[in-house]
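Got chain U sorted already, so can you dock chain A onto it with the hints?
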Amino acid sequence: MRHRRQRSVRGATPFVQASVVTRRVMVAGAVATTAVAAVLPLATAAYAADPATDMIAFLLLSEALTGVSRQTLAPELVEDKNEILNSDPGVDPINIKNTYFKWIGDHDPTSSFGKLLQLAKDNRQSLGNIIPKVNGSADDMVCLARSIVLLWYLGSWYEPDDLKNKVASPRVKVVSPRAYTQGLVWRVAGAHPMGYSNLQFGYWSRDPRDPSSPGLFDPSKT
Amino acid sequence: MRHSLLLVAAVALSLVSVTSQQLPAQTAGGTTVAAGLACNGTRILDPFKGPLAGTDLPPALLQISDKDKSDILKSGLPCQENVTTGAQADPTGKEAVGLDNLQRGFDFYSWRTFIALNSPANGTPVDQAQADTPTLWEDMHSFKQLLDVMLPSDLQPPIWPADRAGMEAEQERLVPRECREPHQKMPTRMIVKMIEESFNEPFKTGPLIDQTGHYAIFEILMNRQMFDYIMAHNLNTKAGQAGNSDLSVDFPAGQNSDKTVGAFMLKISWKILSPSEIQARNFHMADALVLMPPPDDPKVGRKCLPETLGLIGFHAVHKTATRPQWIWTSFEHIKNAPAKDEVGTKNLEGPYSFFSVDCGDHCPLVNATPPRPWDPDPKLELRFRGDNSFKSQIVRETPLTQEAKNMNRIFQSMLGSSVWKNYMLLSTQWPSAFACTSLHAQNPGAPAPKTDFLKQPDMTCSPAPTFLANSTLETYSQGDTPLASSSCIACHENAVGFQRSASNPQPGKGNLNQSDFTFMLEKAQ
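Keeping their order, the protein sequence lines are chains U and A.
Quick note on the working numbering: the first sequence kicks off at 1 and runs consecutively.
Quick note on the working numbering: the second sequence kicks off at 1001 and runs consecutively.
These are calculated hints, taken from the structure and not from any lab test.
A hint or two may mislead.
Stated by the list, open to error - Covered stretches of chain A (chain U as the covering partner; in silico rule of three or more C-beta atoms under 8 Å from a C-beta of chain U):
hint, stretch
1, 1090-1103
2, 1474-1484
3, 1490-1499
Even for Gly, the Cβ is constructed at its ideal location relative to N, Cα and C.
If we strip away everything but chain U, and leave its shape as in the complex, we get (with noise of 0.2 Å):
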């Protein structure tokens, strides 16, 4: 599947405030918003100073901003218990993490990237003191971090310019067509996005999986 329209987002909210992260801000702010744009063709160049640890950096740095437990974001990934830095992200069917990775490593103009992953690195041992760490910094980085906010909740891709400019509406681009299925929003809603769904026939005639499904936040207590 290739998504070969791109449209301007109409209606959606304009992000009052650029340089604050919040999921709750990321999260409301985007759901209201169709992303259906094009898929461009990756840039050959990904970021990647030291891969094993970036990754690893990326996805500290992911569930700080999301919320999302990595366990969740990296179904295989096998953990250090000396030093997180040295876990394997291990390899999985969809391997979106990657994806990802690579995305943000291609779209990034700035040194923005790296520093976030610095940042994941330097608060490893405790994860809660990044999202104020990003607060605190420059507006690339934190537009950059919204970015990644969305692109995990959503599959898609919001230009940090746009949200650092509050455009309107903002340029978006579906990652890719797994990226399209894989967006953490519908498993916190429980539902699943258009035209996709791995729930069981008459699923809709139960209730809705709760949100705050532990299992999805900390998988050891599924």
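The following block gives chain A in isolation, referenced to the frame of chain U:
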């Protein structure tokens, strides 16, 4: 199935001797005998020395000792998968990625399953099997055709006696009227009753036409464990299903610990062999009487045609205690169609059954469905068009992984001159999210339903690989487009029957009408 053939060939054999011949691994310590099929509960890991990843197959991987070869070829049907994220039996045989080690374990399971089910029913070693040697799965002890279970309401319900005489009598009872005369003349031929699903691919995406202009033919079968479950719960009729609306359909699962086989279903694809193909003996062959599908005009009679069929595709699907999403094994003949990348590089080794290498400027569109109408014309019998104006031009969209190619080379080398060296594993699809599968798989001894899908509405548990298509069975659903492309588990999780349960069931009484990953129940009449 060639039940009648076996009847004649084995008429002098007692039940015990037939069973022991069919199941050479039966004498091994880990094997047990169930009615029809036996399985081996011993944990067997592949002994191959070295990783299978990489384009060049290390020579050591093809140096299989006689003992290892014998152990594998005679290991019998696995009761359950034996997989690990680490090394297989040989410590050097470890892939770099945990998921690849698991895939390797499942693929090894699939090859063992394929060999066990296709081993000669008469006990001949599989590496000596000839093209026309009847297989274990074709034996009436092992599997039963779906259409011999889902009978019209004016027939007595199906039975599956334990004794061969009883099975033969049941088989005779179900010979269609149109086939009785040829059946009397050719009693050894299996009978294939065609319905729309016998020539039209899933989701009515169209028929597959070979290079001689004939339809490919599809067949669905179940093992005795599935049959017993269906009959025990009255699921063989629409009325029976409707009257059992509170049942959460939960077929028995295979398990190493108690050596139970569990539910197995097969989907087979055949091509009609030409005289030269019969002579070449490169396909597993079965002499058959093919009953044409019901024509639109009831005044037109259904013909029952004697044909020699060649095996071109083989799906084996097995439910196990740890994989309640079932394990989906897909094989096909190596000369069905080239892979897309082979076409691109002109690395073709034809002739192929469903691809012309020399059609030049007149090639049909690749992977295009045939022009309508699709239904067989009774006058043309099993030819698609009288003027042979259309032949499918099929390529395999998703190439095999290097690991699968290498495992195929190993097994094909072990199969010597057997006809089975002409078949290859495409892949095995399995649910990869173990935390998710554990939500569904309940402990042995737990009350029914043992498979609990109420805890987790997403029943698929992240299939690996995400997509899997056989070029003869999901020809027009190949690719990697979510939902549109073939994924065994993601498709079959939508299977339902004719149960009609409450739309909002109470906790503990939930039943969402799901039929446990099989569409078979939809064929009830």
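Status of each hint after checking the structure:
Look at the stretch 1090-1103 of chain A against chain U: 4 of its residues bring a Cβ nearer than 8 Å to a Cβ of that chain, three or more, so the hint holds. Judged by the Cβ-Cβ criterion of 8 Å, the stretch 1474-1484 of chain A is covered by chain U as claimed, because 5 of its residues qualify and three suffice. Chain U is given as covering the stretch 1490-1499 of chain A, and this holds because 5 residues of the stretch bring a CB closer than 8 Å to a CB of that chain, at least three being needed.
In this structure, none of the earlier numbered hints is contradicted; all agree with it.
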